[in-house]
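Assemble the whole structure, with the sequences as input and the hints as a guide.
Protein chains in written order, with full-length UniProt numbering: chain A, 1 to 542; chain B, 1 to 542.
Since the hints were made in silico from the structure, they are not lab data.
Possibly wrong hints are sitting among the right ones.
With a straight-line cut-off of 25 angstroms between C-alpha atoms, the simulated SDA-like cross-links for lysine to any residue are [as the list claims (entries may be wrong)]:
#1 K369(A) / A503(B)
#2 K321(B) / R298(A)
#3 K297(A) / P342(B)
Protein chains: 2
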Amino acid sequence: MQGLMQHWPLLCSKVIDHAAHEYPLREVVSRSVEGPMHRTNYREVRERALKIAQLLEREGFGLGDRIATMAWNTWRHLECWYGITGIGAIYHTLNPRLFPEQIAWIMNDAEDKLLFVDLTFVPLVEALAPQIASLEKVIVLTDAAHMPETTLPNAVAYEEWLKGADGDFSWRVADENVAAGMCYTSGTTGHPKGVVYSHRSNVLHSMIAQAPDAMGLSSADRMLPIVPLFHANGWGIALTSPMSGAAMVMPGAKMDGASIYDILTTERVTLSAAVPTVWLMLLQHLETSGGELPDLKRVIIGGSACPRRVTEAFQNRYGVKVIHAWGMTEMSPLGTLCSIKPEYADLEGEALLALEEKQGFAPFGVEMKVTDDANVSLPRDGQSFGRLKVRGPAVAKAYYKNQGAEMFDDDGWFDTGDVAHIDPHGYMQITDRAKDVIKSGGEWISTIKIENLAVGHPGVAEAAVIGLRHPKWDERPLLVCVPKAGGSLTKDDLLGYLDGKIAKWWMPDDVVFVDEIPHTATGKIQKTALRKNFADYVLPTV
Amino acid sequence: MQGLMQHWPLLCSKVIDHAAHEYPLREVVSRSVEGPMHRTNYREVRERALKIAQLLEREGFGLGDRIATMAWNTWRHLECWYGITGIGAIYHTLNPRLFPEQIAWIMNDAEDKLLFVDLTFVPLVEALAPQIASLEKVIVLTDAAHMPETTLPNAVAYEEWLKGADGDFSWRVADENVAAGMCYTSGTTGHPKGVVYSHRSNVLHSMIAQAPDAMGLSSADRMLPIVPLFHANGWGIALTSPMSGAAMVMPGAKMDGASIYDILTTERVTLSAAVPTVWLMLLQHLETSGGELPDLKRVIIGGSACPRRVTEAFQNRYGVKVIHAWGMTEMSPLGTLCSIKPEYADLEGEALLALEEKQGFAPFGVEMKVTDDANVSLPRDGQSFGRLKVRGPAVAKAYYKNQGAEMFDDDGWFDTGDVAHIDPHGYMQITDRAKDVIKSGGEWISTIKIENLAVGHPGVAEAAVIGLRHPKWDERPLLVCVPKAGGSLTKDDLLGYLDGKIAKWWMPDDVVFVDEIPHTATGKIQKTALRKNFADYVLPTV
Ligand SMILES: Nc1ncnc2c1ncn2[C@@H]1O[C@H](COP(=O)(O)OP(=O)(O)OP(=O)(O)O)[C@@H](O)[C@H]1O
Ligand SMILES: Nc1ncnc2c1ncn2[C@@H]1O[C@H](COP(=O)(O)OP(=O)(O)OP(=O)(O)O)[C@@H](O)[C@H]1O
Ligand SMILES: [Mg+2]
Ligand SMILES: [Mg+2]
Numbered sequence: 001m002q003g004l005m006q007h008w009p010l011l012c013s014k015v016i017d018h019a020a021h022e023y024p025l026r027e028v029v030s031r032s033v034e035g036p037m038h039r040t041n042y043r044e045v046r047e048r049a050l051k052i053a054q055l056l057e058r059e060g061f062g063l064g065d066r067i068a069t070m071a072w073n074t075w076r077h078l079e080c081w082y083g084i085t086g087i088g089a090i091y092h093t094l095n096p097r098l099f100p101e102q103i104a105w106i107m108n109d110a111e112d113k114l115l116f117v118d119l120t121f122v123p124l125v126e127a128l129a130p131q132i133a134s135l136e137k138v139i140v141l142t143d144a145a146h147m148p149e150t151t152l153p154n155a156v157a158y159e160e161w162l163k164g165a166d167g168d169f170s171w172r173v174a175d176e177n178v179a180a181g182m183c184y185t186s187g188t189t190g191h192p193k194g195v196v197y198s199h200r201s202n203v204l205h206s207m208i209a210q211a212p213d214a215m216g217l218s219s220a221d222r223m224l225p226i227v228p229l230f231h232a233n234g235w236g237i238a239l240t241s242p243m244s245g246a247a248m249v250m251p252g253a254k255m256d257g258a259s260i261y262d263i264l265t266t267e268r269v270t271l272s273a274a275v276p277t278v279w280l281m282l283l284q285h286l287e288t289s290g291g292e293l294p295d296l297k298r299v300i301i302g303g304s305a306c307p308r309r310v311t312e313a314f315q316n317r318y319g320v321k322v323i324h325a326w327g328m329t330e331m332s333p334l335g336t337l338c339s340i341k342p343e344y345a346d347l348e349g350e351a352l353l354a355l356e357e358k359q360g361f362a363p364f365g366v367e368m369k370v371t372d373d374a375n376v377s378l379p380r381d382g383q384s385f386g387r388l389k390v391r392g393p394a395v396a397k398a399y400y401k402n403q404g405a406e407m408f409d410d411d412g413w414f415d416t417g418d419v420a421h422i423d424p425h426g427y428m429q430i431t432d433r434a435k436d437v438i439k440s441g442g443e444w445i446s447t448i449k450i451e452n453l454a455v456g457h458p459g460v461a462e463a464a465v466i467g468l469r470h471p472k473w474d475e476r477p478l479l480v481c482v483p484k485a486g487g488s489l490t491k492d493d494l495l496g497y498l499d500g501k502i503a504k505w506w507m508p509d510d511v512v513f514v515d516e517i518p519h520t521a522t523g524k525i526q527k528t529a530l531r532k533n534f535a536d537y538v539l540p541t542v
Numbered sequence: 001m002q003g004l005m006q007h008w009p010l011l012c013s014k015v016i017d018h019a020a021h022e023y024p025l026r027e028v029v030s031r032s033v034e035g036p037m038h039r040t041n042y043r044e045v046r047e048r049a050l051k052i053a054q055l056l057e058r059e060g061f062g063l064g065d066r067i068a069t070m071a072w073n074t075w076r077h078l079e080c081w082y083g084i085t086g087i088g089a090i091y092h093t094l095n096p097r098l099f100p101e102q103i104a105w106i107m108n109d110a111e112d113k114l115l116f117v118d119l120t121f122v123p124l125v126e127a128l129a130p131q132i133a134s135l136e137k138v139i140v141l142t143d144a145a146h147m148p149e150t151t152l153p154n155a156v157a158y159e160e161w162l163k164g165a166d167g168d169f170s171w172r173v174a175d176e177n178v179a180a181g182m183c184y185t186s187g188t189t190g191h192p193k194g195v196v197y198s199h200r201s202n203v204l205h206s207m208i209a210q211a212p213d214a215m216g217l218s219s220a221d222r223m224l225p226i227v228p229l230f231h232a233n234g235w236g237i238a239l240t241s242p243m244s245g246a247a248m249v250m251p252g253a254k255m256d257g258a259s260i261y262d263i264l265t266t267e268r269v270t271l272s273a274a275v276p277t278v279w280l281m282l283l284q285h286l287e288t289s290g291g292e293l294p295d296l297k298r299v300i301i302g303g304s305a306c307p308r309r310v311t312e313a314f315q316n317r318y319g320v321k322v323i324h325a326w327g328m329t330e331m332s333p334l335g336t337l338c339s340i341k342p343e344y345a346d347l348e349g350e351a352l353l354a355l356e357e358k359q360g361f362a363p364f365g366v367e368m369k370v371t372d373d374a375n376v377s378l379p380r381d382g383q384s385f386g387r388l389k390v391r392g393p394a395v396a397k398a399y400y401k402n403q404g405a406e407m408f409d410d411d412g413w414f415d416t417g418d419v420a421h422i423d424p425h426g427y428m429q430i431t432d433r434a435k436d437v438i439k440s441g442g443e444w445i446s447t448i449k450i451e452n453l454a455v456g457h458p459g460v461a462e463a464a465v466i467g468l469r470h471p472k473w474d475e476r477p478l479l480v481c482v483p484k485a486g487g488s489l490t491k492d493d494l495l496g497y498l499d500g501k502i503a504k505w506w507m508p509d510d511v512v513f514v515d516e517i518p519h520t521a522t523g524k525i526q527k528t529a530l531r532k533n534f535a536d537y538v539l540p541t542v
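Laid out in structure tokens, this is it:
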């Protein structure tokens, strides 16, 4: 017997319809790429999204077409998402920080037909366009006054283009399983892989994210998504904010410490989300400029492990609650968040900071387990680490064009490629990526743990640990370290600092000081490149 | 093109699996029907639900079977919901406060095969059982020691029955659209009508309820659902609490002011939900006994309009935030909640209380509009009132056996039978039920508005307004009033009190004092009965 409840498909259009109807005047404020601040609201975003949808359909785009965006976080990028999904086409966010060859490869893999591009990236895209056979047209996200001369195919200024529509249109999608969005992984461990979100997964992901122990967005919030819409589905914020009626404050192209501080305070942001490197820049700016953060209540930090000193500075110095989060492009992307359960409500000081180094627990809609190599679940004892596997309505079941099929188990679990342990209260901690793990004498050493400790030393700006071949132990750790400018850090200082904080056999066999550590396009440490750099390095213990 | 995301159906079993896995030791505390307090947790609730499912299947019950419960809110009732839905059977909650004939009619309509019943109701059910041809077996929710002698068919004590299972079982439902639960409406306006929830609607409803601007349940909460599981799907709390990891505190059979105060304070409840009459009893108890509510942070009040003096007492006297809510059995049941949007964040004192007389705004997942009789949408101006219509994934599309088909529009909107207006910020206020509206000289008078004002008079315990036939105006209002004990309230006092607070032509033509106003089984004023009582009453203005 079936239930007798309404058929109400979970569609992206329902989200912007809801926002426009229940929070019509809620602000969407952006630092425009042209310069000045721009103010609009959900009612207008929806109206303009309807125009986009109308124009796209008129120009022959439709169900399943991949439509790329290469753009900063602004109201225009937001409008594009809803316009594109409104006709059943697929927003495909491109990361402009990738190497041009990677971008071209990805666009060809996706067969993007149309591209919405910010002024910033016009030169980049002009160089790429001839290599993308599928690309029919480029819409530059600006007005006539700012439209550059360009060689781009069928180029038109967005605001001019929009004038061709009256917005008298209705959304076209009825099936919640239709594809809505596409995003390639960051390419930290190899080639980026395409993930294809559905309307259903996007909507459910945002309902999951809304919960108080997850992002906890409410209509009282003013949300600053610093994480770009092109990084891991923009952490879902382009859907979660309108769903919950939170105002959106968009940083545009400027994500340096001073600009972020400026927009945080001028726009009275209550909640923000970004990777650790962005927060490090802000904190450094605050240290030198002496500002305060009176409106900001919470920051969500993920994408890579949040160093303890970031959490400490936010909470103890600025009174801002840190929510450490873990996720993946393949998970839409939220996996776990480190809210405080009542079991840990009494923690203070160092004990609280230690808890918050963990990536947190799974909200309803995310299932997770840690298994050994034989796929046997390990106990939730906070010690036993192994492969982290997940399941849920917003988790990928395959990559686009069936790449990397080996990550998808027959039993429906997705192997994250991360190594982790889970404690008795469900708090998960990533100890490594499986590909970065160091195996010394048959036992695993957590590189993330050592790195987190090392960056706790006041003289260290950044640290990375990699494994080097060793005749006796198979692999031994090398600590690669960027010292803070003007310091006089030595190898012995650093090893002395680590001594007693980790097991003796985890101690790096050597420390190397460098000016720079290689990063990926999303600011993560690129250990593949680092290992290549040190391929011929000989450890003193060899 | 379809998305490439996992198939992860929205099932009730996912909720209890999540709770047992992520919050295994979170408490479920109940005042048992036998007397003593009982403590268990989500892990054990799930284990015992698996046993129930295993036994039900073994005894031949399965997909689509209606299995009734007539029980207070305790851990056992909760286990039954998950056990029953776990094999694709349907929990059918019976309201023991209905007239026995009504209960028999409902059980026959539903064709219940099995009944789980609390000790309290054994005599009632013994009298009913012979009339229910479909009823094969009755399980009494107690242990062997408390099992009474009974004539009930195949009666067995729950705890004895459970001993027959080892719980080595897996949930049986794969399709999220399968029916999960069944609840009849309260019967305020006529015969109760059957609503059939699906797994999908139940899960989505709880995800909607979790949002910060809705119930905002988190793992830090200790939730006391005073509203019975048999009233309007128990307001979804049996699912929302485990979903969010909140502890559950269950009042069992005792809902008087002293018992509620006792459990609130002893169990350090942070959040509770009940109809206004329950809260009136608690407030009266506090007034005479002088207690405080230090742990309680929020109360959700709905089912009928929350009188201003209840909100005032909670917020101004006890520091407890009131969330006025409106819902219906047909909506699973949440419709709107009166959280405070930033537009109203500066309201204080009387202005805030006036806002909180409204039933609030729609969260994502609830669509609403107010239309005139020609189904044309009325403006959201806070004035224009008309029929309130709703849509959403947790809204009924039909009643069981196709009763009341006229409530379901062809365009997919459900006519709530309520009359309301909506203000520019989306705050809806119920002015009446369509069937209770008074039409005087072609214009509508809101009975709820007058009643709310009347109960604001310190001498009034309860008030109801009904329309009586009038030769000139068609209908004119009569105010029926229960005075507070020991007072000396007069008609002129009351009319003088109303004077200036409502339009002249809204003033009741007469006031009648009575000892009691008739109520429905869920404590609502039964205007059908009241109108019958006053059918022959002659207004002085006639
Ligand atoms: N809070 C965190 N702490 C530690 N690691 C994190 C955290 N959040 C995310 N990560 C890492 O980021 C990964 C997800 O990142 P993303 O989807 O952007 O691509 P990537 O894994 O970096 O790239 P690729 O999969 O192409 O190699 C996770 O699998 C995890 O390794
Ligand atoms: N906060 C509230 N203020 C005013 N009325 C409310 C409120 N909450 C619920 N109601 C009323 O209760 C109704 C829903 O109640 P329920 O589903 O329990 O059955 P009922 O409508 O009383 O009975 P029946 O439909 O059988 O006549 C709503 O339609 C509305 O009239
Ligand atoms: Mg990855
Ligand atoms: Mg009703």
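Quick rundown of the hints versus the structure:
1. Of the supplied pair hints, the one linking K369(A) and A503(B) is violated, its CA atoms being roughly 64 angstroms apart against a limit of 25 angstroms.
2. Distance hint between K321(B) and R298(A) is fulfilled; the C-alpha atoms sit about 23 angstroms from each other, no more than 25 angstroms.
3. Proposed proximity of K297(A) and P342(B) is supported: the alpha carbons are some 16 angstroms apart, at most 25 angstroms.
The structure is inconsistent with hint 1 alone, although it conforms to all the rest.
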